[in-house]
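Read top to bottom, the protein sequences are chains A and B. For the first sequence, the residue numbers in this note's numbering are -19 to 424. For the second sequence, the residue numbers in this note's numbering are 316 to 573.
It should be emphasised that the hints constitute simulated quantities derived from the structure, not laboratory data. Please note: incorrect hints may appear among the correct ones.
What the hints assert, rightly or not - Ranges of calculated distance between the beta carbons of each label pair, as one might list FRET restraints:
| hint | chain 1 | residue 1 | chain 2 | residue 2 | range |
| --- | --- | --- | --- | --- | --- |
| 1 | B | G438 | A | G167 | 32 to 42 Å |
| 2 | B | A472 | A | A38 | 46 to 56 Å |
| 3 | B | P364 | A | K241 | 25 to 35 Å |
| 4 | A | G167 | B | E376 | 42 to 52 Å |
Stated by the list, open to error - Calculated lysine-lysine pairs in the DSSO-like style (CA-CA distance at most 27 Å, straight line):
| hint | chain 1 | residue 1 | chain 2 | residue 2 |
| --- | --- | --- | --- | --- |
| 5 | A | K70 | A | K35 |
| 6 | A | K241 | B | K369 |
| 7 | B | K345 | A | K241 |
| 8 | B | K369 | A | K391 |
| 9 | B | K571 | A | K263 |
| 10 | B | K571 | A | K1 |
| 11 | B | K336 | A | K254 |
Computed from a predicted model, the values in this text were never measured in an experiment. Glycine residues also receive a C-beta, built at the ideal position from the N, C-alpha and C atoms.
Here's the letter readout for the chains.
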Amino acid sequence: MAKYPDKVDLYDDRGRVFASKVPVEALSPLRNPAMQKIISYVKECVSVNLEGIEKALATGEVGGKWCIIRGRSLKLDLVKNAESIADSLKNCLQVTKDDDTEVKVLKGGKHLLVKVPAKRLNAGVEYTTGFTATAAALCCTIVENFNVNLWDADLIHAAVWGRYPQTMEPLGGNVSSLLSVPQQNEGMGYALRNVPCAHIALITKKNAMNAAALSSILEQAAMFEMGDAIGNFERLHLLGLAYQGLNANNLVYDIVKENSKTGTLGDVAVSTVKRAIADGVIKPLEKKPSGYTAYTTNDLNMWNAYAAAGLLAGTMITCGSARSMQHCPSVFIYFNDLIERETGLPGVDFGRVAGTGVEMAFFSHSIYGGGNPAVFHGNHIVTRHSKGFTIPCVAAAVALDAGTVIYTPEKISGVVGETLSEVPELREPLRYVNEAAVSIHGGI
Amino acid sequence: MVEYKPQYYPGSSKVAKNRRKYMDPSYKLKKLRTISDDDLVKLMGHRVPGEAYKSVHPPLEEMGEPACPIRELVEPTPGAKAGDRIRYIQFTDSVYFTPLTPYMRAWMGHTRYRGVDIGVLSGRVPLEARERDLEKVAKDLVETEIFDPARCGIRGATVHGHSLRLDENGMMFDALRRFVFDNKTGEVVYVKDQIGVPLDKPISVGKPIKEEELREMTSEYRVDGIPFREDKEMVEFVQRLHMLRTEAGFDPSKVKGI
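Could you build the full structure based on these sequences and the hints that come with them?
Right, dumping it as structure tokens:
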């Protein structure tokens, strides 16, 4: 029995209908198997930069840039022997033969994509198992396969783990996971929010719809984990995820299409209001002496979902037409200002997105340091305040950028984004989540 | 789709009406002066007039774009297509009855122009866009009724002055003395570009708008003009939003029909 009456039509990233009248709960991280798979992959999938390890060993530059240990070096042909390293690494990580461990060789041996078996994660309480198991197993593998002696084994450790445990995170290491170390999370349940938008854009190969979808899944799943999406607030987040992140009822795509040639951000706000009136989400409350009509709603959660979808569409129009990511904070403030003034109803996340935009505008326009939007994430001190509704738009903006920033998403993301784009569920989340929703909706 | 006429802004005062007017893109801003394209380029100081646009990436057609349905749908601006750098024009608006308040620059900019990045700070409002797109927008911003030569400043740096008293000629304070009042012609003349680099030849931006006209045109609420508190409809709007945001933070499902 469904908890909530809401049903939505599912669409793909090109506005083609996929299924009709699917309960919104089939798109909940608590129910949707594809979302749960995505969350598992985020924990289990780790990327290894074999080329980086080879270089670090050859030069003695381990534990961070310019941190060179003179007189210490090892010439090991890791990239050339990537296949045999992958086999040994797999053996080392496996709990049982034929379990779900995977090690894939990418870019001619330069990188490895490792999937640690679920059993290893299930036997612990921390998501860091993916990283620790891979890094440790890789050290063992290199020592074994290349007959590294007792006196050189420490260098292997430093090349793989970086300066950890002298530093909190594996500084200068060559194994990386999407998730940061737990000490870098702003609070309880923030782990899935600590993924920079650069990674998201590259994993989804700069498809803005999928970038927004993946980001929204991670953000809204984190809302459940943080204790936000529960009780009175669960439906707010479910509808937000469906309409903003997953293009439910084709709302995002339709609004973008309507404004694709000449539309401004103001036009997108008006399109959103029009659609909300047409769908009966909002209605006139009273006409003021000036002729201004204030609107009201009987379903503020649904209004929020519409406004959130409009916000993403506004980002796609503004950042998309300029092919530039830096415009997104301006969209966050002024889309909300405009839609609030247009209707008399609160903007996305009831003011939190507008507030987040103010801070992000400061810290993404090189006034007070910070960085370009690609470095931001839901755990960032400046952008964590909206409960999952801002970061999907940042991810879409980063995906739409044609190359306007000095520190590109490619530079920021490094090996992680590129290797994890090999995982189909992460690369095309919309498709897999839609399929999974259809497969379970009978049960809801 | 329902017939819907955008309303842009609440409020019953003249100030609110002016705000609605400027934000409504179907209202054509009145042109008050002509600044040549070259002079505008000089005022902004990003390139020399006639110089080709520098680019930050190759033209989109040459570089090819990732397979993205949104990129296929959304038409890039001419500047984005060409790969132009992103540049800015920045304004300081005096608190004394200028046509636009800082926030109005953002609201109006986003209803009238596509692909713009506008930020509002305490004493300045930058508008950033791809260079050739920026030049088009800047033309509107400087040539039309929303720019008063004496009380609006084109200032890229050292913007201080918006809240200071006007001088004997009605000019806003400018620490870099980018613009001066020409007593002979009664016009305001820029002798430096927006960041304060001296210009080869002064550029006139015309006569200041008269005080009584500015009081009619302004989108600023002021205690010695039209005070915000006298616009009951506007105050109600602000209070309503504050109430709704707060109630929604407590329990969004309980906010119904109010």
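- Against the structure shown, which of the earlier numbered hints fail to hold, in ascending order? none
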